[in-house]
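**Student:** The lines below spell out each chain.
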Amino acid sequence: MALRILGISGSLRRDSHNSALLRNARELLPPDVELEIFDGLKAIPPYDADDDDAERPIAEVAAFKRAIDEADGLLVATPEYNHSIPGVLKNAIDWASRPVATTVLRGKPAAVIGASTGLFGAVWSQAEMRKVLGATGAEVVDRELPVVQAHMQFDEYGNLAEDDLRDQLAEHLGALVEAIRAKAPAPEKVTAA
Amino acid sequence: MSATTPATLDGTWVSDPIHSTASFAIKHMVVSTFRTSFKQMDATLEANGDDIKLTGTVPVESIDIELPDFRGHVLSPDFFDAANHANIEFVSTAVRRGEGESIDVDGELTVKGVTKPVKAEGILIGPAVNVANVEVVGVELETKVDKNDFDLNWNAPLPKGGNAIGDEVTLTVHLEMRRKEE
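These protein sequence lines map, in sequence, to chains A and B.
For reference, each letter of the first sequence is one residue, going 1 to 193 in our numbering.
For reference, each letter of the second sequence is one residue, going 1 to 182 in our numbering.
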């Protein structure tokens, strides 16, 4: 059965390097692994526990949780703002992490990549993202993929220009796919009586 | 002058901005090397027999980094503090010609208002007459400095070990110099 990975770009910008990185990842996955890129991050409202009510779910939040739940693994591409992850990305993860007992993130294999136009390839925000995902119970692949000087890494079609970087991304994705395959098939969900 | 005239270094020589560069290289992410240069530099060489003096000025704003955020950080007080220290300056204290074209240069380098002694090695070629029948002298020098000695203290630990950037910076100048017009 085909595996499904949900790609989440922490950058909302139309020409985002991190979104481009996810599109490149899609081409580098094995043929039996699909990558869907989530495009609803901007529509997720600021987290407010008063609005976090199972009886009155917010459609945009529910869509994000469902997309995570239906995926076998997550691939998060994050830019770096002030050495950390963008607020919108943290906010979305905060929503998905609730309620703690039944969060869709628990046990979910996840890998993090990141691109920045500077010299460090969002290496600190990737670490932050791994920390945050780990706190939610996700099973985070402990490796980083810093894409430095991102504005110089893509050709006019948005493809990674350097074979080396493409190989590194493929290796990174291989580790995520391995983590997903290593997990036993999820047991049938038991609904409380 | 004709190409057969015995060439002498005596006199004053100034750098040709088109054919001169001042560049630096520094390790980042532990293993990678970042290199860039400054687009402007004024250097002067004065020679009177064995007495040679080399001076140079580089405006830090001429650094060849275009991206606004990257450029803004490098010119901020974390690094060059361009608003308060416009230029990098070099003044030689001793220039020794060695075997062949080799030279050793002692001097004082000022970066961010901090002056430290440095020793550079390289070559001095010429004078020679180029295809445009102009006398030229070539100078290439390299030295290594610790950026922290000049109050460029920014760094950050990487999540998987090591520091964001190295401490050692390799400074290189390539000068093509022509006789100063009187």
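Check the hints yourself; a few may be wrong.
Here are some of the chain A residues that sit facing chain B, going by a computed Cβ distance under 8 Å [what the hints assert, rightly or not]:
| hint | residue |
| --- | --- |
| 1 | I58 |
| 2 | A59 |
| 3 | V61 |
| 4 | N82 |
| 5 | G118 |
| 6 | F120 |
| 7 | W124 |
| 8 | E144 |
In silico DSSO-like links for lysine-lysine, alpha-carbon gap of 27 Å or less [to be verified]:
| hint | chain 1 | residue 1 | chain 2 | residue 2 |
| --- | --- | --- | --- | --- |
| 9 | B | K53 | A | K183 |
| 10 | B | K160 | B | K112 |
| 11 | B | K144 | B | K27 |
| 12 | B | K160 | A | K90 |
| 13 | B | K160 | A | K131 |
| 14 | B | K160 | B | K116 |
| 15 | B | K160 | B | K27 |
| 16 | B | K147 | B | K160 |
| 17 | B | K53 | B | K160 |
Simulated from the structure, these hints should not be mistaken for laboratory data.
In this text, a Cβ means the ideal position worked out from N, Cα and C, and glycines have one as well.
**Student:** Please name the hints from earlier in the document that this structure breaks, with their numbers sorted from lowest to highest.
**Tutor:** 1, 2, 3, 4, 9, 10, 14, 17
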